[in-house]
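A.B. asks: Below are the chains, spelled out letter by letter.
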Amino acid sequence: MIVLNGERTDLVAGTPLADAIERLGLSLDARGVAVAVDGQVLPRSEWQSYRLAEETRVEVLTAMQGG
Amino acid sequence: MELSTATAREPLTIAGRELRSRLLLGTGGFQSLELLSEAIAASATELVTVALRRVDPGAHGSLVDVLERAGVELLPNTAGCHTARDAVVTARLAREAFGTNWIKLEVIGDEDTLLPDAPELLRAAEELLADGFVVLPYTTDDPVLARRLADLGCAAVMPLGSPIGSGMGIRNPYNISLIREAVDVPVVLDAGVGTASDVTLAMELGCDAVMVASAISRAADPVRMAGAMRAAVDAGRLAAGAGRIPRRRYARASSPIEGRAALD
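As you go down the protein sequences, you meet chains Z and D in turn. Residue numbers for the first sequence, in my numbering: 1083 to 1149. Residue numbers for the second sequence, in my numbering: 2 to 265.
Any given hint could be a false lead.
[Said to hold, decoys possible] Sample of chain D residues at the chain Z side, in silico, Cβ under 8 Å: (1) G29; (2) F31; (3) T50; (4) V51; (5) L53; (6) L64; (7) V65; (8) E74; (9) N102; (10) I246; (11) R250; (12) R261.
[What the hints assert, rightly or not] Partner residues aside, some chain D positions facing chain Z, computed with beta carbon under 10 Å: (13) A95; (14) F99; (15) D209.
No lab work stands behind these hints, which were simulated from the structure alone. The beta-carbon is built from N, C-alpha and C at its ideal position, and this holds for glycine as well.
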């Protein structure tokens, strides 16, 4: 099961991370966005090539009002 | 506004970055991005904090775009983190998202008071400093902890006046003045400000800057309060440099005794 921002998805193993990001309505050059896969930062340069494994938690984050 | 004496206008330098405004603004709590923009303009701030949260596909407008148009620099925070590990990963994500190695480090130890967790805060600061971050830690009003953070290499310390969003002002002015004496890095009062006089007091106690969020964003008229906070920073800084009179137990006449008319 691939979990995207806390929601279970029907994404399958081998899906490019880029697909998950685009599923959230973001383009890959969206500014102010960062991605963590299983609690580790995944640099933007790897978004295209990285493929998701079977059990993966993906967090796609951006700036929100705060502090 | 013409309060432009050299003292009030001397820029603040944190980690080599010069800030003309000594007011840092938190972006949380504003009802709209339009209101936030207006408050930024009224406050004249140059540095604003943002949090890092999950992308909301239904969000209206981009906070990053609004802040860029306003001409302010971003200071990402680690709000909501309860462990050093959480805070360190969040800081790295913020660096990736916003292209800045500055981080306002918050590690919370209690849900009700949102007070910092001192051991976790020190651990996170140490790790982030080793990773090349410019660390501005949100800390308690404990002078010893502030000194430990400064000794590690933090670029500033951000002691609380009272709990975040409480509006209780500065609960322990004595400790804030001790922190000013204890560290050589800038002291930025953070959290607890309720109104303009709290900001002025912070500056009078020797703080180099003040960070305000809720006191502006949740005020009945946030834009007017932003202007008040701007004036309050200047008033406090001017007064701190001017040297207040000592407190006395009894009155001291300000009109001369000699030369009074005999009217009895």
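A.B. asks: Run every hint past the structure and note whether it holds.
C.D. replies: Against the structure, the hints:
| no. | hint | result |
| --- | --- | --- |
| 1 | G29 | holds, 4 Å |
| 2 | F31 | holds, 6 Å |
| 3 | T50 | holds, 3 Å |
| 4 | V51 | holds, 4 Å |
| 5 | L53 | holds, 5 Å |
| 6 | L64 | holds, 5 Å |
| 7 | V65 | holds, 4 Å |
| 8 | E74 | violated, 13 Å |
| 9 | N102 | violated, 13 Å |
| 10 | I246 | violated, 37 Å |
| 11 | R250 | violated, 43 Å |
| 12 | R261 | violated, 58 Å |
| 13 | A95 | holds, 7 Å |
| 14 | F99 | holds, 6 Å |
| 15 | D209 | violated, 18 Å |
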